[in-house]
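Please construct the entire structure, taking both the sequences and the accompanying hints into account.
One letter stands for each residue in the lines below.
Protein chains: 2
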Amino acid sequence: MAAGDLDRVMHLLAKLPGLGPRSARRAMLHLMQKREALMVPLADALAAAARSIRTCSTCGNFDTTDPCAICQDPRRDPSLICVVEDVGDVWALERAAAFKGRYHVIGGVLSALDGVGPEDLKVDGLVTRAAMPEVTEVILAMNATVDGQTTAHYIADRLAGTGVAVSRLAHGVPVGGELDFLDDGTLTQALKARHSV
Amino acid sequence: MAAGDLDRVMHLLAKLPGLGPRSARRAMLHLMQKREALMVPLADALAAAARSIRTCSTCGNFDTTDPCAICQDPRRDPSLICVVEDVGDVWALERAAAFKGRYHVIGGVLSALDGVGPEDLKVDGLVTRAAMPEVTEVILAMNATVDGQTTAHYIADRLAGTGVAVSRLAHGVPVGGELDFLDDGTLTQALKARHSV
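Sequence order for the protein chains is C and F. Position 49 (the first sequence) corresponds to 67 in our numbering; numbering is contiguous. Position 92 (the second sequence) corresponds to 110 in our numbering; numbering is contiguous.
Just so you know, the hints here were simulated from the structure itself, not pulled from any lab data. Mixed in with the good hints there might be a few duds.
In silico DSS-like cross-links for lysine-lysine, where the CA-CA straight-line distance does not exceed 30 Å [to be verified]: (1) F:K210 <-> C:K52; (2) F:K52 <-> F:K33; (3) C:K52 <-> F:K52.
Note that the structure is predicted; figures quoted are calculated from it, not measured.
In structure tokens, the structure reads:
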């Protein structure tokens with residue numbers, strides 16, 4: 019039977035997204051079978067990461083330096099700021115390697131149900147950054163959900179006074195997507211935004 | 019973007035059963051957002067568990083003591099030994115709380131394909147234990163797979179000289195199971211092993 023230390027690891031593993039009590043137990047068994055090859059390195063790597071991770075004070079990204087590697091990189095275009103909900107979205111855009119500007123992580127979306135108001139999001143910092151002379155465009159890359167779009171509207175309003183250009187991601191048919199499986203909203207948007215070939 | 023420490027954690031998390039690269043990334047983001055509440059405690063708990071876990075030299079179970087809590091427990095019946103493939107099976111039987119004897123973990127199954135031979139399993143220790151005067155019955159609780167049943171046959175042969183009674187788990191309809199969804203093998207076994215009501 020599992021003793022105190024094992025129970026504690028399983029209890030914590032079960033809190034990770036994608037793992038429940040059952041899969042946490044399987045993960046624990048796997049860890050115990052590979053104590054030297056997996057359990058000890060994972061404990062060390064987690065401790066090292068917990069020590070070294072910083073939140074970038076400029077953009078809100080996670081990195082081991084502050085400012086983060088993206089904010090420090092002189093090859094990134096300082097005139098473009100892409101606003102995202104959280105750090106996972108930064109990673110997604112970086113994987114696509116489609117954006118060469120800088121980011122701003124606002125840390126969530128406005129949500130009356132969850133009690134998230136404007137004061138809970140890092141919008142003030144964004145307005146300050148957007149007012150800097152080198153910034154010409156802010157791209158709102160919130161998720162295409164009701165809360166995400168509400169938040170995008172709110173941010174666009176807040177940026178109105180800065181004179182910066184504000185844009186948002188295009189809606190449309192996903193690359194590789196089949197029309198038959200798309201929802202009506204996406205099809206309507208894709209039709210509206212059609213362009214000549 | 020993820021730096022060295024973060025990459026290392028994600029790489030190791032992705033090796034856990036049930037987690038792939040994508041869910042490891044989600045888990046990493048979650049850990050970073052809950053650094054103090056989850057990441058640091060998980061690192062500590064893993065390190066503590068890695069230090070304290072022992073393999074029971076009697077039965078092969080994992081515990082923080084050797085002999086394990088089950089082998090040490092005077093309330094467990096010493097005349098019954100339940101033979102299982104791995105520690106996960108001990109946990110499953112303990113959760114069911116249906117067995118009051120002791121265990122023997124042989125650490126796998128015979129498998130020609132995977133190159134697992136009798137010398138890779140802890141059968142010698144089982145034969146020694148079964149020959150002890152207090153032991154009257156050995157229950158073979160291998161999985162109902164071809165390899166599991168081959169292994170059970172082999173162990174039954176090895177135990178033949180000890181004079182101990184050897185039994186195996188009953189096959190039949192799982193509790194709550196519907197006949198329509200059961201395979202032919204299970205139905206045949208359940209019919210053969212029918213008993214009067």
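Outcome of the hint check:
no.	hint	result
1	F:K210 <-> C:K52	violated (42 Å)
2	F:K52 <-> F:K33	holds (22 Å)
3	C:K52 <-> F:K52	holds (26 Å)
The structure shown violates just one earlier hint, number 1.
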